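Going down the list, the protein sequences come from chains A and B.
For the first sequence, this note's numbering begins at 108 and goes up steadily by one.
For the second sequence, this note's numbering begins at 18 and goes up steadily by one.
Bear in mind the hints are in silico, worked out from the structure with no lab data behind them.
Computed from a predicted model, the values in this text were never measured in an experiment.
Here are the simulated DSS-like cross-link-like pairs (lysine-lysine), alpha carbons at most 27 angstroms apart as the crow flies:
1. A:K485 to A:K379
2. A:K348 to A:K379
3. A:K472 to B:K232
4. A:K432 to A:K472
5. A:K413 to B:K300
6. B:K162 to B:K148
7. A:K348 to A:K301
8. B:K276 to A:K486
9. A:K413 to B:K232
10. B:K232 to A:K485
11. A:K486 to B:K232
12. A:K368 to B:K276
13. A:K286 to A:K353
14. A:K348 to A:K388
15. B:K232 to A:K423
16. A:K526 to B:K148
With beta-carbon atoms standing in for the labels, derived distance ranges:
17. A:Q356 to B:K162: 44 to 50 angstroms
18. A:E284 to B:N224: 40 to 46 angstroms
19. A:D235 to B:L147: 51 to 57 angstroms
20. B:K221 to A:H162: 50 to 56 angstroms
Far from chain B, by Cβ distances over 12 angstroms, these chain A residues were calculated:
21. C171
22. Q199
23. H291
24. V292
25. R364
26. D430
27. K432
Note that beta-carbon positions come from the ideal geometry of N, C-alpha and C, so glycine has one too.
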Amino acid sequence: MSRVALKCPNCGSSNVVEDDLYAQSQSVCVDCGSVVSEGFLANDPVGGSEVYYSHSAPQSKRPCSNLIKGLQRVRALCRVLRVNSEIEKLSQTYFEQAYNHKSFINVSLTKKEALAGSCVLISCRMHDWPVTVGTIAYLIDTDSGAVGAVYQETLNTLNICIPTLSVTDVMEAHCQEYKITSEHVPAELAAEAKELTKRALALVELAADSWIVTGRRPVPIMIAATYLSWQSLQPTKLRLKMTLDKFCQMTKVDKNRPAMKRVTEIKEMLCKLGNEIPWEKQEITPNNVIQQVEDILSYRFALMRKALKSYEDSLKADIQQCDAKNKKTMRTKTAELKTSSKTGSSVLETERANNGACDEPNWGKRLLFAPPCVVNPKKRKRAPSNQINVTGDEEISDSEIDSYIRTHQEVREIAMTQKLLCQESDNL
Amino acid sequence: MVELSGTTPKCNHSGLNAHCFTLGSIEIICAAGELLVVHIRTDVHLARVDLHDASSGLPGTSGQTPQLFHSQAVTGTTTTALPGNTPLYNTPLTPMTPITPATPASESSGIVPQLQNIVSTVNLGCKLDLKTIALRARNAEYNPKRFAAVIMRIREPRTTALIFSSGKMVCTGAKSEEQSRLAARKYARVVQKLGFPAKFLDFKIQNMVGSCDVKFPIRLEGLVLTHQQFSSYEPELFPGLIYRMIKPRIVLLIFVSGKVVLTGAKVRAEIYEAFENIYPILKGFRKTT
Numbered sequence: 108m109s110r111v112a113l114k115c116p117n118c119g120s121s122n123v124v125e126d127d128l129y130a131q132s133q134s135v136c137v138d139c140g141s142v143v144s145e146g147f148l149a150n151d152p153v154g155g156s157e158v159y160y161s162h163s164a165p166q167s168k169r170p171c172s173n174l175i176k177g178l179q180r181v182r183a184l185c186r187v188l189r190v191n192s193e194i195e196k197l198s199q200t201y202f203e204q205a206y207n208h209k210s211f212i213n214v215s216l217t218k219k220e221a222l223a224g225s226c227v228l229i230s231c232r233m234h235d236w237p238v239t240v241g242t243i244a245y246l247i248d249t250d251s252g253a254v255g256a257v258y259q260e261t262l263n264t265l266n267i268c269i270p271t272l273s274v275t276d277v278m279e280a281h282c283q284e285y286k287i288t289s290e291h292v293p294a295e296l297a298a299e300a301k302e303l304t305k306r307a308l309a310l311v312e313l314a315a316d317s318w319i320v321t322g323r324r325p326v327p328i329m330i331a332a333t334y335l336s337w338q339s340l341q342p343t344k345l346r347l348k349m350t351l352d353k354f355c356q357m358t359k360v361d362k363n364r365p366a367m368k369r370v371t372e373i374k375e376m377l378c379k380l381g382n383e384i385p386w387e388k389q390e391i392t393p394n395n396v397i398q399q400v401e402d403i404l405s406y407r408f409a410l411m412r413k414a415l416k417s418y419e420d421s422l423k424a425d426i427q428q429c430d431a432k433n434k435k436t437m438r439t440k441t442a443e444l445k446t447s448s449k450t451g452s453s454v455l456e457t458e459r460a461n462n463g464a465c466d467e468p469n470w471g472k473r474l475l476f477a478p479p480c481v482v483n484p485k486k487r488k489r490a491p492s493n494q495i496n497v498t499g500d501e502e503i504s505d506s507e508i509d510s511y512i513r514t515h516q517e518v519r520e521i522a523m524t525q526k527l528l529c530q531e532s533d534n535l
Numbered sequence: 018m019v020e021l022s023g024t025t026p027k028c029n030h031s032g033l034n035a036h037c038f039t040l041g042s043i044e045i046i047c048a049a050g051e052l053l054v055v056h057i058r059t060d061v062h063l064a065r066v067d068l069h070d071a072s073s074g075l076p077g078t079s080g081q082t083p084q085l086f087h088s089q090a091v092t093g094t095t096t097t098a099l100p101g102n103t104p105l106y107n108t109p110l111t112p113m114t115p116i117t118p119a120t121p122a123s124e125s126s127g128i129v130p131q132l133q134n135i136v137s138t139v140n141l142g143c144k145l146d147l148k149t150i151a152l153r154a155r156n157a158e159y160n161p162k163r164f165a166a167v168i169m170r171i172r173e174p175r176t177t178a179l180i181f182s183s184g185k186m187v188c189t190g191a192k193s194e195e196q197s198r199l200a201a202r203k204y205a206r207v208v209q210k211l212g213f214p215a216k217f218l219d220f221k222i223q224n225m226v227g228s229c230d231v232k233f234p235i236r237l238e239g240l241v242l243t244h245q246q247f248s249s250y251e252p253e254l255f256p257g258l259i260y261r262m263i264k265p266r267i268v269l270l271i272f273v274s275g276k277v278v279l280t281g282a283k284v285r286a287e288i289y290e291a292f293e294n295i296y297p298i299l300k301g302f303r304k305t306t
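Okay, chain A solo, but in the shape it has when bound (with noise of 0.2 angstroms):
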C-alpha cells in the first residue's frame, strides 16, 4: 500500500494510502475508511485531468469586445447613410484590418470610434459615393479634424490610394438637405429640388473654372450656389431681400460663415461674365445679376471665351499705352538731365515707379480670374530676412555671449523673487 497525495473529502485527513487489496487499487483514507477514489482513474489527480481543455482542443481566440462593437457602429453609420452591401462589407474589413494594427490597437474610443468613421468614409471614396469628412464627424460627434487625422492615418497605415472628392459629386447630396419644397415653405419661397440642384452644379462648375473653388473647403460653396440658384430660379423682391442667415434658418440648413463671402465671390464672377452679354445695355453688378444668372448659365462657355477675350485686349491696349508713356517721361527726364543736375539713380527711380504702374507686382491682378488668395492677399509682417552671410566658423565674441548671461545681482535678485512668490503660494 503506498502513500496517495490525496485528502480525504470525509474526514479531511491527509492519511490516504493506495490499497492494492481487491482486483482494482483504491484509494482509501486510513482514520475514516471512506474510499477517496478507486479504479485505473486513483492515479489520476482529483478534479480531472492535467491538461486543460483548451490545450487539447484548439479553440479561435474571442474578438475582442470593442472590436465587435465598432464593428456594430461600422454597420449603423452604413445603414444612415444608405450605402450598398459592397461599401458594408468593404469598411468593415477595413475596420478590422486598422483595428488590430499596432497603431489603433491601444488608443483611446474615441480614437476608435473616429476609425469606424475613417473606415466607412474610405469605403464610400473607393466606390465614388459622395460622403464629405463632415458628414462623418457630425455622425459620430466629434470635430472633423479629429476624423481627418484619424482618416490621414488609417490611410497610411492600410497604405490605400484612393481618388480625391469632388464639390460637384456632393452637391447632389447636399441639396437634398434643404427643407425648400412647398410641403416645408409657402409657395413663392418653395423650389423643385431638381431643379435647384441642377442649377446650383451649374454655378459650382463655373465657380470651379474661376478659383473659387481650389483650395477651399466644399460646404460653404456648395450652401452659396445653392443659396444663388434658389434666388435666380424666381428672382422676386422677396427671394432678393432675404439674407443667406435667413435662408438656411428656413431651410433648416446649418449656418456657416464662410458662405457669405463666397456668395459675393461667386456675383463678382457672375458679373464680369454678366457684362459679356450682348444684348444688356445696363452694367452687370452684383445688386441686379442675379436676375442675369439663367442667361449667363445657358451661355457660360460663350460668356467665358468672349470676357478673356475682351480682358486680353485691354490688358494688350494698357501696355501699349504704359510703352507710350514711358517713351515719354524717358524723353522728358533725359531733357531734364541735361538742363539740371540730376543724378542717374534717382533717374532710374522714377522709372522704375512708372514701369511699377503699369505691370503689378500683384500677377494675379494681370488675371482675369485668379485665385481670390492671391487676389486679396493677407498682408503679413514680415520680419526684416536677415541675409547675413556667415561660414559658420567665425569667432564668437565673448561681449555677445555675456549679453546673454545675467549678473551675479540679476540672479540674487530673481532667486529671492522667486522665494517671496513660493513663500505666498504656500500662505494661500
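On the provided structure of chain A, position chain B as indicated by the hints.
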C-alpha cells in the same frame, strides 16, 4: 576629350606650339540648362619642375604629376553663374567630377527656392542642470511641467534652441546651414560660460524647409488625379496638396496660389532637385483663365 594616359612634356603636346604655358584660374560658367558632362584633368606643374620632363623632380611622387580633382587646390576660384546671381551650392565645387546633365534649357525653371528654416541637432557632451541654466541665462525659459527642456533664444542669427538635461540640443529658425552651425556654437558657448563643460559633438542638419512661388495658379484637382500615388489633396482638411516625392525624398505642399513649400531635406541640393522635378509637372497644370 582625348584621355591622356600619362603626362607629356609640353614639347610633345599635340597642337600646342606655344612658347610658354600659363595656368590661370578655372572658371566654369553655366547658363541655365547648359550643363554638360565634363571630365577634366589638369596637370599642375610645381615650381622648379623641368617642364620637358614633368615626371621627374617632383618631390614625393612616384613619377606622376598631381592630378587635380578638386577646385580648392587651384589657386584661382571656380565660379558658377546661375540665374539670379545667387550661389547655388555653398559646398566646395568639384569641377573634375562628372556633372550630370540637367534638364534642357527650355524646361529649367529659373526660380530658386529660398530656405526658410533649418533644424539641426548637436550633442554638448555633458549632463546639464536646466534649473541653473534657466536661472542664470537671460534668454532662457523653463517650464518643467509643460516641457522638459530649456528654451533659449539668441538675436543673431535669430534662432531658438531646445536644450535637454542629457546635453543634447536642437537648434531651429536659421536660414542657412552656416547660420545654424554658428547659432548652435553660440548656444554651446553660453552653456559653457554658465559653468558646464560643454563640447560641440555630432552637429547634424536634420531638416531643411524651403519655399518659392511659381507665379501662376495651379489646378490641384487635376494634379491629384494624374499623380494619385504621390499626392494627397483633401480641401476639407487642408487647402494645399501634399506631394510626397520619392526621389529625392521630399514632401512638397503645393497651393492654388502657386506657392510651393518643400521640406524633409537633409541637404540644400535635395530642395533644388525636388523643385526642378516638380516645376514641369506644375507647368502642365497651368491654366490661363
